[in-house]
Amino acid sequence: MSIIIDKLFAHVSKFIAIAILLLVAWIFTVLLQNSMASIEAFGFDFITESKWAPNLEKFGALPAIYGSVVSTFLAMILAVPLAIGVAIFLSELAPARLKSPVGVSIELLAAIPSVIYGMWGLFYFVPIVRDIFGGIGISMLTAGIVLSIMILPFMAAVTRDAMNTTPDILKESAYALGGTKWDVIKDIIIPYAKAGIIGSFILALGRAIGETMAVTFVMGNVHKISTDLTAPATSIPVTLANEFTEADTELYYSSLFELSLMLLVISFTIISIAKFYFLRRKRTA
Amino acid sequence: MTHTQKRIIVNNIVMFLSTMSAVIGIGFLFWILSVLILNGVDALSWSIFSQEGAPPGYEDSGLKHALIGQLMIVSIATFIGVPLGILAGTYLSEYGQKSKLAETIRDISDIMMSAPSIVIGAFVYAIVVVPMGHFSGWAGSVALTIIMLPIILRTTDDMLQLVPSTLREAAFALGAPKYKVIIQVVYRGAKAGILTGVLLGVARVAGETAPLLFTSFNDNFLNTDMNEPMASLTVTMYNYATSPYEDWQKLGWAAAFILSMFILSLNIIGRLFLLKKKGK
Numbered sequence: 001m002s003i004i005i006d007k008l009f010a011h012v013s014k015f016i017a018i019a020i021l022l023l024v025a026w027i028f029t030v031l032l033q034n035s036m037a038s039i040e041a042f043g044f045d046f047i048t049e050s051k052w053a054p055n056l057e058k059f060g061a062l063p064a065i066y067g068s069v070v071s072t073f074l075a076m077i078l079a080v081p082l083a084i085g086v087a088i089f090l091s092e093l094a095p096a097r098l099k100s101p102v103g104v105s106i107e108l109l110a111a112i113p114s115v116i117y118g119m120w121g122l123f124y125f126v127p128i129v130r131d132i133f134g135g136i137g138i139s140m141l142t143a144g145i146v147l148s149i150m151i152l153p154f155m156a157a158v159t160r161d162a163m164n165t166t167p168d169i170l171k172e173s174a175y176a177l178g179g180t181k182w183d184v185i186k187d188i189i190i191p192y193a194k195a196g197i198i199g200s201f202i203l204a205l206g207r208a209i210g211e212t213m214a215v216t217f218v219m220g221n222v223h224k225i226s227t228d229l230t231a232p233a234t235s236i237p238v239t240l241a242n243e244f245t246e247a248d249t250e251l252y253y254s255s256l257f258e259l260s261l262m263l264l265v266i267s268f269t270i271i272s273i274a275k276f277y278f279l280r281r282k283r284t285a
Numbered sequence: 001m002t003h004t005q006k007r008i009i010v011n012n013i014v015m016f017l018s019t020m021s022a023v024i025g026i027g028f029l030f031w032i033l034s035v036l037i038l039n040g041v042d043a044l045s046w047s048i049f050s051q052e053g054a055p056p057g058y059e060d061s062g063l064k065h066a067l068i069g070q071l072m073i074v075s076i077a078t079f080i081g082v083p084l085g086i087l088a089g090t091y092l093s094e095y096g097q098k099s100k101l102a103e104t105i106r107d108i109s110d111i112m113m114s115a116p117s118i119v120i121g122a123f124v125y126a127i128v129v130v131p132m133g134h135f136s137g138w139a140g141s142v143a144l145t146i147i148m149l150p151i152i153l154r155t156t157d158d159m160l161q162l163v164p165s166t167l168r169e170a171a172f173a174l175g176a177p178k179y180k181v182i183i184q185v186v187y188r189g190a191k192a193g194i195l196t197g198v199l200l201g202v203a204r205v206a207g208e209t210a211p212l213l214f215t216s217f218n219d220n221f222l223n224t225d226m227n228e229p230m231a232s233l234t235v236t237m238y239n240y241a242t243s244p245y246e247d248w249q250k251l252g253w254a255a256a257f258i259l260s261m262f263i264l265s266l267n268i269i270g271r272l273f274l275l276k277k278k279g280k
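Sequences listed follow chains P and H, in order. The first sequence begins at 1 in UniProt numbering and counts up by one. The second sequence begins at 1 in UniProt numbering and counts up by one.
A hint or two may mislead.
Subject to a maximum C-alpha distance of 16 Å in a straight line, what follows is the list of computed EDC-like cross-link-like pairs (lysine to aspartate or glutamate) [stated by the list, open to error]: (1) P:K181 / P:D168; (2) H:K64 / H:E52; (3) P:K181 / P:E92; (4) P:K14 / H:E59; (5) H:K178 / P:E92; (6) P:K275 / H:E52; (7) H:K250 / H:D42; (8) H:K180 / P:E40; (9) H:K98 / H:D158; (10) P:K194 / P:D161; (11) H:K250 / H:D110; (12) H:K6 / P:D183; (13) H:K250 / H:D60; (14) P:K171 / P:D187; (15) H:K250 / H:E59; (16) P:K58 / P:E40; (17) H:K191 / H:D158; (18) P:K275 / H:E103; (19) P:K171 / P:D183; (20) P:K275 / H:D110.
If we take Cβ atoms under 8 Å as the criterion, some of the chain P residues that face chain H in the derived model are [stated by the list, open to error]: (21) S2; (22) D6; (23) I16; (24) V24; (25) V86; (26) L90; (27) L108; (28) I116; (29) I149; (30) A156; (31) T212; (32) T245; (33) T249; (34) L264; (35) S267; (36) K275.
The hints are simulated quantities; they were obtained by calculation from the structure and are not laboratory data. Don't be surprised by glycine CBs; every beta carbon is placed ideally from N, CA and C.
Modelling step: build the complete structure from the supplied sequences, incorporating the hints.
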């Protein structure tokens, strides 16, 4: 009797684990199937066409791609130096008494849902951007800033963990040679933790590309490519969030699925690069 | 200026800058928290919990519909996601171990964990909403289950691996079959860890909005039928906050306050569990 239960338990748990793989394959298949109409109608032009006009049945993803790239780029420029600073503070600088409360606060910042970042951005950040930079405040710039705050805690926490893996003996030797804290950080800790730090940045980049609610509030969903950062814009997830329930024709619907498929492929690629090239070492530890 | 002096000055500048970064980071946390508390407490009242949604301008409108909807969607997702995730995690740690299959499943789940949740929404729209012909609470739960699964699976896997193998060997030596060893020894040893994973998984999906936009959709009134479109705190918050009506925006803040307090406390409780375990 117990042999049967034993076999059953083993097989059921194996089946469910394999089902995760099948699920991922299923997601790709379903998105691809639903994108076919748009892929057939527009082909490669979907990516290079900048006109998005549902009333004319004309769909080009360039403005959304442009918005995703620029807002993510902005977010990274702002968040990377801050994240390194926070990580240095947490791993090397903070007195023991402060380390844990500050660390926990930063991690809690990462737990706040993105819809709340979006709401806060809309009511408190949009007016500030409007006052300082002009425009209506709902813009690419605001999206980039809100996004950077959203990814900062994640980047800082992972970078700190990477820095913390530096063996004490290496640091102590460097101090013994008369190195200042900064010497030790730049010549010992950062080279030692380099792979982990870069990995965490790429992982954060992957999250920023797919982040939806934090930017949906403050970006505006305007399908226009503008070099003016204070102008409203759109991105792939913002378009999806705003228009998915509005799609009334097959082609419209299929174009949105093609956008989802692109987003999934982009984020899978970015996250895989981070994991396989930079964060691999963690597995063996 | 000597070389040493220069190094000390550079050192001090960098140390100042990184301290400032930490101050800025913490500053944002306090800014967001205080905005939530100020607006949230201001908007809280008894009617929030006792009244359903109402058109803008009505005196007593509340969030009862969204609270109940949220509770139903998230609990059902938890109900499906937790056992599946724990079982799959058990396979990885106890049967698959370092095999190629287990490693592949680990990698794919790690990638799934960071996949954009709005894409999961689109997927569920295609496989649940379209065949059913309409939005539904079930569709929302399915989307959240898919998001929760890899989180539970990976934490279970990690936590079970922390259970010392001598415990398993001792139980095997007594002649216990493998499933009994797993259920009575391994699970017991990893209880706190698994629970933490579950809490963090629930906290994570409770804040999801994007995948609910086109699965459970929304409803401004109380609905407890999972076959119908259903309100959730997050989607209600999105709709109310982006509306031009001040009383709706106020309700949006109340929803934001309730939700973030819930999620933050789940996170804090989860951390305490882990701490207690480490302390042992």
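Please list, smallest to largest, the hint numbers that this structure does not respect.
Violated: hints 4, 5, 6, 8, 11, 33.
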